[in-house]
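Q: This is what each chain is made of:
Protein chains: 2
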Amino acid sequence: MKASLAVLIAGGAQIEIEPIDIGERVYKSGHSAGITPDAWDSLRRTKVFYKAPITTPQGGGFKSLNVTIRKSLGLFANVRPCVAYAPFVKTDHPGMDVVIVRENEEDLYAGIEHRQTDEVYQCLKLVSRPGCEKIVRYAFDYARAYGRQKVTCFVKDNIMKLTDGLFRKVFDEVAAEYPDIEADHAIIDIGAARLAAKPERFDVIVTPNLYGDIVSDIAAEVAGSVGLGASANIGAQCAMFEAIHGSAPDIAGQDVANPSGLLMAGVMMLVHLGQTEAAERIHNAWLCALEDGVGTPDIAAEDAAVGTQQFAREVIARLGQRPKTLAPVSYEPDARPIEVWTPQPKPKALKRLVGIDVFVHSNEEPDALAGRLQACLNPLTELKMITNRGVKVWPDPMPETFCTDHWRCRIEAKPEKALNKAMLVEILRNMVLDGVDFVKTEHLYEFDGERGYSLGQGQ
Amino acid sequence: MKASLAVLIAGGAQIEIEPIDIGERVYKSGHSAGITPDAWDSLRRTKVFYKAPITTPQGGGFKSLNVTIRKSLGLFANVRPCVAYAPFVKTDHPGMDVVIVRENEEDLYAGIEHRQTDEVYQCLKLVSRPGCEKIVRYAFDYARAYGRQKVTCFVKDNIMKLTDGLFRKVFDEVAAEYPDIEADHAIIDIGAARLAAKPERFDVIVTPNLYGDIVSDIAAEVAGSVGLGASANIGAQCAMFEAIHGSAPDIAGQDVANPSGLLMAGVMMLVHLGQTEAAERIHNAWLCALEDGVGTPDIAAEDAAVGTQQFAREVIARLGQRPKTLAPVSYEPDARPIEVWTPQPKPKALKRLVGIDVFVHSNEEPDALAGRLQACLNPLTELKMITNRGVKVWPDPMPETFCTDHWRCRIEAKPEKALNKAMLVEILRNMVLDGVDFVKTEHLYEFDGERGYSLGQGQ
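So the sequence lines, in the order shown, correspond to chains C and B. Take the first sequence: its letter number 376 is residue 376 in this note's numbering, and every next letter is one higher. Take the second sequence: its letter number 50 is residue 50 in this note's numbering, and every next letter is one higher.
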C-alpha cells in the first residue's frame with residue numbers, strides 16, 4: 001500500500017488519506033466481522049475505500065470481510081478490466097482488452113440454502129428487476145464513459161427463462177436507450193468458451209453474479225495479467241478499489257510483492273473521483289515501466305527484478321512519459337464519475353393467485369402420494385402433476401426416471417375458479433392432519449395475466 | 001450418419017441397426033416432443049441410441065428433444081472428451097487431453113422457476129445426495145476404465161456450503177474408495193480459468209450441471225476440436241452417443257459435413273458396448289486420416305478437402321494402421337461397460353422442525369413489516385431476522401442496503417421450545433387474516449442435530 005500511495009501522490013492525486021485497520025488483526029481482537037464500528041464510520045464518511053489485500057483467517061467462523069463489505073455497502077457492480085500487455089507480459093491473446101461488469105449482490109450468492117429432505121439440498125437463485133437494471137445501466141454508462149464500442153450480455157436464458165430471461169429482457173430494453181453502443185449477447189457456456197479462446201472479440205461484458213465470477217477469472221487468466229489486475233466495486237453511495245490477487249501472506253512485508261494490481265486499482269479510483277489527469281499520467285508511466293522491463297520478481301527476469309519500493313520509484317521516474325509499444329491510455333479530461341442509476345418505482349402488476357407448488361418429503365410411490373394429496377384438496381382445486389428433480393412422475397411417469405425423496409406437487413385452481421390464500425392454508429392444514437410431510441411451498445401467480453412460473457417438463 | 005455407420009461396420013462393429021425418425025419432421029407431423037411412441041419403444045428395447053444432430057424448430061412451443069430424451073431416460077452423466085490434435089488441428093494447447101464428466105439431471109437445470117413479486121424472480125438449484133454420488137462414482141469408474149490418473153472436482157462450496165458442499169463432500173467420500181486415482185478440487189471460477197489457460201493440467205473433471213455446461217464448452221473450444229468432438233449421455237438403463245456440434249441445416253445433405261464428431265461418438269458407443277477391438281481400430285484409422293491431412297472443408301486446406309463420403313472411405317482405407325505423430329489409442333481388449341452405481345437406501349436422519357422462512361411481498365419498511373409479523377406469531381416462536389436479497393435488514397439494518405419488494409422473514413422456535421407443522425400453519429393463517437402477502441415458505445430443519453439451513457448474513 002505504501003508503494004502504491006507514493007506513486008499516486010507523486011502522480012498528482014488530490015487525496016486525503018484516512019487509514020483504517022481491518023482484517024486479521026481486527027478479527028483476532030474479537031470483532032468477528034474483521035472490521036470495527038469506527039472503521040464503518042470512516043468508510044461512510046469518506047465513501048471511497050482503497051483496500052489492500054487482506055487475509056480472512058481459516059475456520060473459526062470468521063466471515064469473509066470482502067463479502068461483508070460488498071453486501072453491507074451495497075456495492076452492486078464489480079468492474080474488472082482484463083488487458084494483455086504483450087510482449088511484456090506473456091499471453092496467447094495480445095490484442096485482448098475486455099472489461100467484465102459483474103452483478104455483485106444477487107443470484108445464488110445471496111447464500112440462501114435449505115436442506116429439504118434426507119437426500120435433497122436447495123439453494124435459491126434470486127434475481128430482481130431493479131438489480132438487473134442497475135448493473136446493465138452501469139455497464140452501458142461505463143462503455144460510454146470509457147469510449148468502448150460494445151456491451152455483450154452473458155446469460156443462460158434458454159434454460160432459465162424467468163430469471164436469466166429477466167436479465168436478458170432488461171438488457172435489451174436498456175440497450176435500446178444506448179444506440180451509440182453495440183449490444184450483443186451469448187449463452188454463458190458458449191460465451192465463456194469464446195472468451196477463453198478468442199477474448200479479442202469482446203469489449204464490455206455484463207453478466208449476473210455467478211457467471212461473472214467465472215468469466216472474470218477466465219478473462220484475467222487468459223490475459224496473463226492476474227498479478228497486475230485491479231477491480232472496482234461500485235455502489236450508489238460508496239466504492240471500493242482493490243487488486244484482484246490475494247494477500248499472499250508468505251511474501252507480505254518482504255519488499256518483493258508486485259504493487260501493480262493495487263496501483264491500477266488506485267488509477268481506477270482516481271478516474272472514479274474525476275481526477276483523470278493524474279490517472280492518465282500514472283497509468284502511462286506504469287506502462288512505460290512495463291515496457292522498460294522493470295518488474296518485481298513475479299514478472300521480471302531474475303537479474304532484472306527490483307523490489308516493491310524500487311518498482312514504485314521507477315514508475316515515479318517515468319511520470320510524464322508515454323509508452324511506445326503499448327497503447328498509451330487517455331482519459332477524458334473533464335470526466336465526471338458515472339452516476340449510478342436509481343431504481344424508479346414501477347406500477348404494481350395485477351397479481352392473481354392460481355395455485356401452489358407444495359414440496360413433500362416422502363419415500364412413497366408417486367401414485368400413492370398423489371392419492372393422499374388429492375384427499376387434502378378442496379373442490380375448487382386439483383392436483384396437476386408431481387415432478388421429481390423437475391421431471392414429471394405423475395401422471396404418466398417414464399419408467400427410467402430416478403426418483404429422490406423430494407416431490408414437487410403442483411396444485412392449481414380448476415378452470416374458472418378463484419383461489420385465495422386462506423384456501424391454500426386450509427389445504428396445508430389438511431396435509432398436516434393427514435401426515436403429508438411438506439417442507440416448502442411456492443405460490444403460483446399470474447402477473448397482469450402472464451404466467452409467473454415455469455411449466456413442468458411434459459406439462 | 002451414413003458415412004459414420006459405413007466406417008463403424010467396415011471397422012468390425014457388431015451392431016444391429018434399428019432406425020428411428022425424430023426431430024423436425026416428427027415435430028411437424030404433430031408430435032410436440034419431436035418423437036413418437038414407437039421411437040420410445042425402440043429406444044427402451046435397444047438401450048443404445050446413436051443420434052445424428054437434429055433441429056428443434058424455433059418458436060411454436062417445441063420442446064428441446066435433447067432435454068426431453070436426457071430427462072426421460074435418466075441419462076445422468078454427460079461425458080465429453082476434449083483432445084487436441086496438434087499440429088493437424090490448430091490449438092494453443094497441444095498436450096491437452098481432458099474428459100469432462102458433467103452431471104446431467106439436477107442443479108438449476110431442473111428449470112423450476114417462480115416469479116415471486118413485482119420485482120423478484122427465483123430459480124431453484126436442487127442437488128441430491130444420490131445424484132451427486134451417481135455422477136462422482138461414474139467419474140472415478142470412468143477414470144479407472146480408461147486408464148486415467150486424476151479426477152478433479154469443480155464446485156463453489158465456499159459460497160454454496162450446503163448444495164455445492166454436498167457435492168464436494170460426496171466427492172471426498174468416494175475418492176477415498178479409489179486410492180489408485182488422484183483426487184483434486186478447484187473452486188469453479190479458478191478452475192474454469194485454469195482450464196482455459198492451462199488445460200494440460202487436467203485429466204478427468206467432474207462437476208455439477210451448470211458448471212459442466214460451461215467448462216465442457218471451454219474445454220472443447222480451447223482444444224480447437226469442437227467440430228470433431230463427441231459426447232456420451234449415460235443412464236442406468238440407456239445411453240446416447242452424439243457429436244457435440246449442432247445440426248448445421250445450411251450444409252446438411254451436401255456431402256461437405258465433417259462426420260468426425262459422429263464417428264467419434266460411434267467409437268465411444270463401441271467402447272461402451274465392450275467392442276473395444278473395433279473401437280481401437282477405427283479410432284486409430286481416423287487419427288491416421290487426420291495425420292495425412294485428409295479432411296472435409298472445415299478442417300482441410302481448400303484444394304485438399306474431400307466430401308463426407310470420401311472422408312469415410314479414407315478412414316476405411318486406413319483401418320489397421322496406427323498414427324505416427326499423434327498418440328495411438330488403445331482400449332483394454334476385455335473391457336466391460338462401466339457399471340452404473342445404484343443408489344443404496346440410507347438410514348433416515350432424525351429430522352427436527354426448528355422454524356420457517358416466510359417470504360413476503362411488501363413495499364413496507366422492515367420495521368413495520370417486523371411488527372406485523374410479530375403479531376402473527378405464537379408464544380413459542382420469535383422473529384429472528386428479515387433479509388432482503390440475503391442481506392439482513394432487521395434488526396440493525398445498514399443504511400446503504402438497497403431493498404426490493406421481497407423479504408425473507410425467519411421465524412424460529414424459542415430456545416427449548418418444540419415446534420410442529422400445525423403451529424406453522426396457524427401462523428400462516430394469522431398472516432392471511434392480517435393481510436401479510438406471503439408468497440413462499442421454506443421450513444427450517446435440523447437433521448441428526450445438524451443445522452439444515454444457512455444463516456443469514458450477520459445472523
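Be careful, since some hints might not be right.
Same chains, same names: a pair is fine if it fits in one copy or spans any two.
Unchecked claim - With a straight-line cut-off of 30 Å between C-alpha atoms, the simulated DSSO-like cross-links for lysine-lysine are:
1) 351 - 421
2) 51 - 346
3) 51 - 161
4) 161 - 324
5) 150 - 414
6) 421 - 2
7) 2 - 150
8) 47 - 351
9) 28 - 384
10) 28 - 161
11) 28 - 346
12) 384 - 351
13) 28 - 351
14) 150 - 198
15) 348 - 198
16) 28 - 150
17) 421 - 384
18) 90 - 198
19) 150 - 90
20) 47 - 324
Hints in this document: simulated from the structure, not taken from any laboratory. Here the structure is a predicted model, which is why all the values come from computation and not from measurement.
Q: State whether the alpha carbon distance between residue 51 and residue 161 is at most 30 Å within one copy, between copies, both, or neither.
A: Close across copies (27 Å), not inside one copy (38 Å); limit 30 Å.
Q: Checking an output row: residue 28 and residue 150, CA cutoff 30 Å. Within, between, both or neither?
A: Neither, since 46 Å and 39 Å both go past 30 Å.
Q: Quick one: residue 351 to residue 421, C-alpha cut-off 30 Å, is that within a copy, between copies, both, or neither?
A: both (13 Å within a copy, 28 Å between copies)
Q: Between the shortest in-copy and the shortest cross-copy C-alpha distance, which are at most 30 Å for residue 348 and residue 198: within, between, both, or neither?
A: So residue 348 and residue 198 fail the 30 Å test inside a copy (43 Å) and across (50 Å) alike.
Q: I want to check one pair: residue 421 and residue 384. Are their C-alpha atoms no more than 30 Å apart within a copy, between two copies, both, or neither?
A: Both, since 18 Å and 24 Å are each at most 30 Å.
Q: Under a CA distance limit of 30 Å, which applies to residue 28 and residue 346: within one copy, between copies, both, or neither?
A: neither (46 Å within a copy, 41 Å between copies)
Q: Given identical chains, is residue 161 near residue 324, meaning Cα to Cα at most 30 Å, within a copy, between copies, both, or neither?
A: Neither. Shortest intra-copy (48 Å) and inter-copy (49 Å) distances fail the 30 Å Cα cut-off.
Q: Go through the copies and call it for residue 150 and residue 198: within, between, both or neither, with a Cα cutoff of 30 Å.
A: So residue 150 and residue 198 pass the 30 Å test inside a copy (16 Å) and across (28 Å) alike.
Q: When Cα atoms must be at most 30 Å apart, do residue 28 and residue 161 count as within-copy, between-copy, both, or neither?
A: Between copies only: 24 Å across chains, 46 Å inside a chain, cut-off 30 Å.
Q: Checking residue 2 and residue 150: alpha-carbon separation at most 30 Å within a copy, between copies, both or neither?
A: neither (37 Å within a copy, 43 Å between copies)
Q: Between the shortest in-copy and the shortest cross-copy C-alpha distance, which are at most 30 Å for residue 51 and residue 346: within, between, both, or neither?
A: Close neither inside one copy (37 Å) nor across copies (48 Å); limit 30 Å.
Q: How do residue 150 and residue 414 come out at 30 Å by Cα distance, when the copy is not named: within, between, both, or neither?
A: Classified as neither; 49 Å inside a copy, 55 Å across copies.
In this structure, the hints that do not hold are numbers 2, 4, 5, 6, 7, 8, 11, 13, 15, 16 and 20, in rising order.
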